[in-house]
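Protein sequence lines correspond, in order, to chains A and B.
The first sequence begins at 1 in this note's numbering and counts up one residue at a time.
The second sequence begins at 1001 in this note's numbering and counts up one residue at a time.
There may be inaccurate statements among the hints.
Interface residues of chain A toward chain B, partial, derived using beta-carbon atoms under 10 angstroms [to be verified]: (1) T101; (2) R144; (3) A182; (4) L183; (5) S219; (6) D220; (7) T267; (8) I269; (9) I270; (10) P300; (11) V388; (12) T390.
Computed beta-carbon distance windows for the label pairs [claimed, not checked]: (13) B:G1072 with A:Y42: 51 to 61 angstroms; (14) B:E1231 with A:V25: 54 to 64 angstroms; (15) B:E1191 with A:S201: 17 to 27 angstroms; (16) A:A149 with B:E1301: 20 to 30 angstroms; (17) B:N1098 with A:A292: 17 to 27 angstroms.
Hints are computed from structural coordinates only; laboratory data are not their basis.
This structure is a prediction, so every number in the text was calculated from the model and none was measured.
Backbone N, C-alpha and C define an ideal beta-carbon position, used for all residues, glycine too.
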Amino acid sequence: MTDATSNLPRPVPGAGPQPKSLLTVDARTRRRNAAEKRFRAYGILAIAAAMLALAFLLFTILRDGSSAFFQTYARIPMTIEASVVDPKGNRDPAEMAKTLTTSYNRILQDSLADFIKTNGIAVEGLDDDDLAGFFSGQARADMRWAVLADPSLVGQVIDVPVLTSSRVDGMFKGRVTRESAALDGKTSVAQFDLAMALADSGHLKTRFNWDFITGTDSSDTRPESAGLGVAIIGSAYMMLIVLVLALPIGVATSIYLEEFAPKNRLTDIIEVNISNLAAVPSIVFGILGLAAFINVVGLPRSAPVVGGLVLTLMTLPTIIIATRAALRAVPPSIRDAALGVGASRMQTVFHHVLPLAMPGILTGTIIGLAQALGETAPLMLIGMVAFVTTYPSAPPQGLFDPASALPVQVFNWTQRADPAFFERASGAIIVLLAFMLAMNLLAIFLRRRFERRW
Amino acid sequence: MSMMKMTASAFAMVAVSATAAAARENVQVAGSSTVLPYATIVAEAFAENMDFPAPVVESGGSSAGLKQFCEGVGQNTVDVANSSRPIREAELATCKENGVANIMEVRFGYDGIVFASDINGGDFALTPKDVFTALAKQVVVDGQVVANPATRWSEVNPALPDQEIMVFVPGTKHGTREVFEEKVMTVGCEEAGALAALTAASGGDEDKAEAACMTLRTDGRSVDIDGDYTETLARIDSNKAGIGVFGLSFYENNTDKLKVATINGVTPSTETIAKGEYPVSRPLFFYVKKDHIGTIPGLQEYADFFVSDAMAGPGGPLANYGLVPDPELAAVQAAVAEGATVTMP
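Work out the full structure, taking the sequences as your base and the hints as a guide.
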């Protein structure tokens, strides 16, 4: 160091340009400093743009979707009229089952009319359609089930919370205003006034909507009762299958390729193909699933088992790549030491390398799972983008029952005509994001907890 | 080691249950997204009122549904295909080739197609001629075939509002598009007297002229919407001058945001369509694989229930949603009950 500096020609005082002080900034340095400042500003701008986009996304979703977690119920005494539910009058459940749900609307409508009369609620221009459309179609179905399960209810007056229609519910969420009600063919100003009058007297209450999370999907006419239950179970089953299949296969592949396989042309080709598979559009796996699992193996359509298998194929490359990176990050000295004290290759891998690589493997797996959780495209062709209203049973049989998936539910609801489904779709996105967030947090936690740095 | 066991047992589980899963208990439906809402309403009511498991209804379009339907007979194929158009000869041939020889065709009602614009916009009283003159790629001016020059509705017809022409039409993959071309563009082409001029321009080739009648302008005033009606609605929301082509049921669910245009002075409604006064409508169908009746529990009952008076009749839940009930529903019910099939080519 000292030798090098001593060999440099020293500036001779008085000859040539005067040396400048380091403290005075010349034009060149100023330009370089300016360039650096600009670059930093670009970076901050880029981050700000990304944060803004994220904030906007979260804001709109929370704004549109949070109302899906609340639902309006009416608390009005309902008289189960025997002439409607049991026209023959013999209280035989088999006979009573012949009365269809549509007839039960009579009970809801008449009970509401009675209630208005006895309580002296004055609403102008109220007609039968307003009364009939006040409650959800689901309310009549619930009532029919209750009556068939317990025929002694016939003729009684029951007082349970009754689900109101999506338009009435919308009046308490700002979706339906008095002005829009006047133009809306599915509601009216009179219905709006009635809802407000009932809310004032405490007979209409908005409460937390557990049914949104646990309930099943419902048809286009009753958005108020649509829930995510089947979709959550379907997604959970698929994730279970992906975990059980993709993790062992992926880890075994990676260990073999990284620790045992000879480095030759064949392993190079395999490596390139795995990287390529990771970039294949997910719909391609759906086509494969239809051809292989449904048409050849003969697995049923709309079943989580097929979805799980398809998503396993999709997730495998991600897990293999993450696992190989984790294995490679374990320092060679660990292997050398183990081999040095006489461990076999397999003992080295399973006793020393794998435990150290585990946090990385788990992180990769969870991120792969989170990716699979959000996939819709591959499920389209295997029949999981469907309207399913029965819960699948417990596994293993349940894996073969029809089910839907969370992103599919979002997709389905955004296509429905009734504006109330928009709120549901946004609500479903919130649930999906919550699951993703939980999985990513778990990945971070595992990494923090078990990671070792060298 | 445990990992290998896990993998092996997982594979074993899949293999064993693949054979166990042979008996499907639910009816499997696929097809048209126009029919989807009706099918879901029926499926829901069917599960509520009958002792059968709820049918599973997939969507994806009429053509995709019929393709799946014609894939073959067996537990892993669909039982019912919904369609917003009648099945084509080519599709019947595919069906026959794959052993799907007994097909029941069920027409359960009609669907209206409406033009609707923003609720605060101008009132439109359209005729097929107006729509053709506003949207065709080539129109006839003073006997000459020229590229469509119109930019405002008032140029097309002085009685229409002075509003920019901007129409959102369902894309070519939609069944609605076919009806729009057939019942509006082709009719308008004739009414405007353009068919004769276009035939002359293409050297007397009538097929070519008819195709020209249905060709929409590509200068951005007619926009193909490949998504659903919700997308069309969103487009109108951001471009208030726009007019969208919707299904009647979609419009009826959104009357607080949309204003409907009359066609030839007739306002679309289930009544005017049933009477045949409103011109733009189409029949809706579902197809049942007859060979599955008896193997799939509830399939015959589902078909019967779908066309029953309580469902598809006037005042039923389907009509309330926007379906135009079939005036010959009784005949349809009888045909479904006795299992009449389509004659194969």
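Structure-based check of each hint:
no.: 1; hint: T101; in the structure: holds (5 angstroms)
no.: 2; hint: R144; in the structure: holds (7 angstroms)
no.: 3; hint: A182; in the structure: holds (8 angstroms)
no.: 4; hint: L183; in the structure: holds (4 angstroms)
no.: 5; hint: S219; in the structure: holds (4 angstroms)
no.: 6; hint: D220; in the structure: holds (4 angstroms)
no.: 7; hint: T267; in the structure: violated (21 angstroms)
no.: 8; hint: I269; in the structure: violated (24 angstroms)
no.: 9; hint: I270; in the structure: violated (19 angstroms)
no.: 10; hint: P300; in the structure: holds (5 angstroms)
no.: 11; hint: V388; in the structure: holds (5 angstroms)
no.: 12; hint: T390; in the structure: holds (5 angstroms)
no.: 13; hint: B:G1072 with A:Y42: 51 to 61 angstroms; in the structure: holds (59 angstroms)
no.: 14; hint: B:E1231 with A:V25: 54 to 64 angstroms; in the structure: holds (57 angstroms)
no.: 15; hint: B:E1191 with A:S201: 17 to 27 angstroms; in the structure: violated (58 angstroms)
no.: 16; hint: A:A149 with B:E1301: 20 to 30 angstroms; in the structure: holds (22 angstroms)
no.: 17; hint: B:N1098 with A:A292: 17 to 27 angstroms; in the structure: holds (19 angstroms)
Of the numbered hints given earlier, the model fails hints 7, 8, 9, 15; all others are met.
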